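**Q** Sequence:
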Amino acid sequence: MVTSPIMGAALLGVAFGTLFFVSPSIQTYLIQLSPASADLLLSVHSSFIQLGLASGAAIGGLLIHTTATVAYNPWGAGLFLMIGLGFILLAFSKQKQAQIVSG
Numbered sequence: 145m146v147t148s149p150i151m152g153a154a155l156l157g158v159a160f161g162t163l164f165f166v167s168p169s170i171q172t173y174l175i176q177l178s179p180a181s182a183d184l185l186l187s188v189h190s191s192f193i194q195l196g197l198a199s200g201a202a203i204g205g206l207l208i209h210t211t212a213t214v215a216y217n218p219w220g221a222g223l224f225l226m227i228g229l230g231f232i233l234l235a236f237s238k239q240k241q242a243q244i245v246s247g
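Just so you know, my numbering puts 177 at position 33 of the sequence shown, and the rest follows in order with no gaps.
Simulated from the structure, these hints should not be mistaken for laboratory data. Just to be clear, a hint being listed does not mean it is correct.
[Claimed, not checked] The calculated label-pair distances, taken between Cβ atoms and stated as ranges, are:
1. 147 - 176: 40 to 46 Å
2. 187 - 215: 35 to 41 Å
3. 158 - 224: 14 to 20 Å
4. 230 - 190: 20 to 26 Å
Here the structure is a predicted model, which is why all the values come from computation and not from measurement. Positions of the beta carbon are idealized from the N, C-alpha and C atoms, including for glycine.
Produce the entire structure from the sequences given, and follow the hints as far as they go.
**A** Here it is in structure tokens:
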């Protein structure tokens, strides 16, 4: 548990920093996927980042409102992290299957 506001701000900075540190590599990957529609892909990527931040805040707020504590927020975040990881693994397995079929 973080009791210092300075440590809390530092951890929050690291969390948000990691979000935006990986964004250029994801955007580069999207541009390589379809250079002709790069503008559309980058705008959709940005929209999903904003949607993820907003939905995370809403779900966190709902958990706090429902349980009157922040003790369950890490569990909720972990659950959504695992769901997201599942989607990533599914996407990469489909891409690998497509490469095997076309290659």
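**Q** Compare the structure with each hint and give your call.
**A** Taking the hints in turn, this is what the structure says about them:
1. Evaluation of the 40 to 46 Å hint for residue 147 and residue 176 yields a pass: the beta carbon distance comes to about 45 Å.
2. Checked against the hint of 35 to 41 Å, the pair residue 187 and residue 215 passes, with Cβ atoms roughly 37 Å apart.
3. Between residue 158 and residue 224 the C-beta distance comes to about 19 Å, which sits within the given range of 14 to 20 Å.
4. Hint check: residue 230 to residue 190, Cβ distance near 23 Å, so the stated range 20 to 26 Å holds.
The structure shown violates none of the earlier numbered hints.
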